[in-house]
Amino acid sequence: MQLETERTALEDQLAAAAATQTALDERATALQTSEADVTTREGAVATLEADLAARLSDVEGRETAVAQAEASNAAASRSQNQSSPPAGIADTGTSTSTYYQNCDAVRAAGAAPLHRGDPGYAPKLDRDGDGIACE
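Note that the sequence shown covers residues 1 to 135 in full-length UniProt numbering.
Be aware that one or more of the hints could be misleading.
With beta-carbon atoms standing in for the labels, derived distance ranges [as the list claims (entries may be wrong)]: (1) Pro123 x Gly43: 56 to 64 Å; (2) Val38 x Glu70: 53 to 61 Å; (3) Arg127 x Arg41: 26 to 34 Å; (4) Ala105 x Gly61: 24 to 32 Å.
These are calculated hints, taken from the structure and not from any lab test. We put the beta carbon where it would ideally sit given N, CA and C, even for glycine.
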């Protein structure tokens, strides 16, 4: 009887060990799947980081080009403003060292309204042609 009891106890332990082994195998499989997923995601992150670096480089290149173009335009504008009109051509008074893209820029600078002869006045800003721009 004692032998039978020990046998039953050993079979129970063996069943418990088998169940534990099965659970461990399932966890190992899940871990391998998770590791594969992490590896895939790391690859995707590396690809995105490379794409981001390329885009950043492109943006920096464009910013440099814009800054150079703005500097070139400013230098050209300065040299144009410093040159006198050719002989026989009257100065209209619209050539100034101040330039506004539009009336929103004039207002943002606190310069509105502009009168003919004021720095920054341009006929394109004077819609009704009365000599007062950005009214």
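Verification of the supplied hints:
The hinted window of 56 to 64 Å between Pro123 and Gly43 holds, with their beta carbons roughly 60 Å apart. One distance hint, 53 to 61 Å for the beta-carbon pair Val38 and Glu70, is violated here, with the actual separation near 47 Å. Separated by about 58 Å at the C-beta atoms, Arg127 and Arg41 break the suggested range of 26 to 34 Å. Checked against the given bound of 24 to 32 Å, the beta carbons of Ala105 and Gly61, roughly 27 Å apart, stay inside it.
Checked against the numbered hints given earlier, this structure breaks hints 2 and 3; the rest are met.
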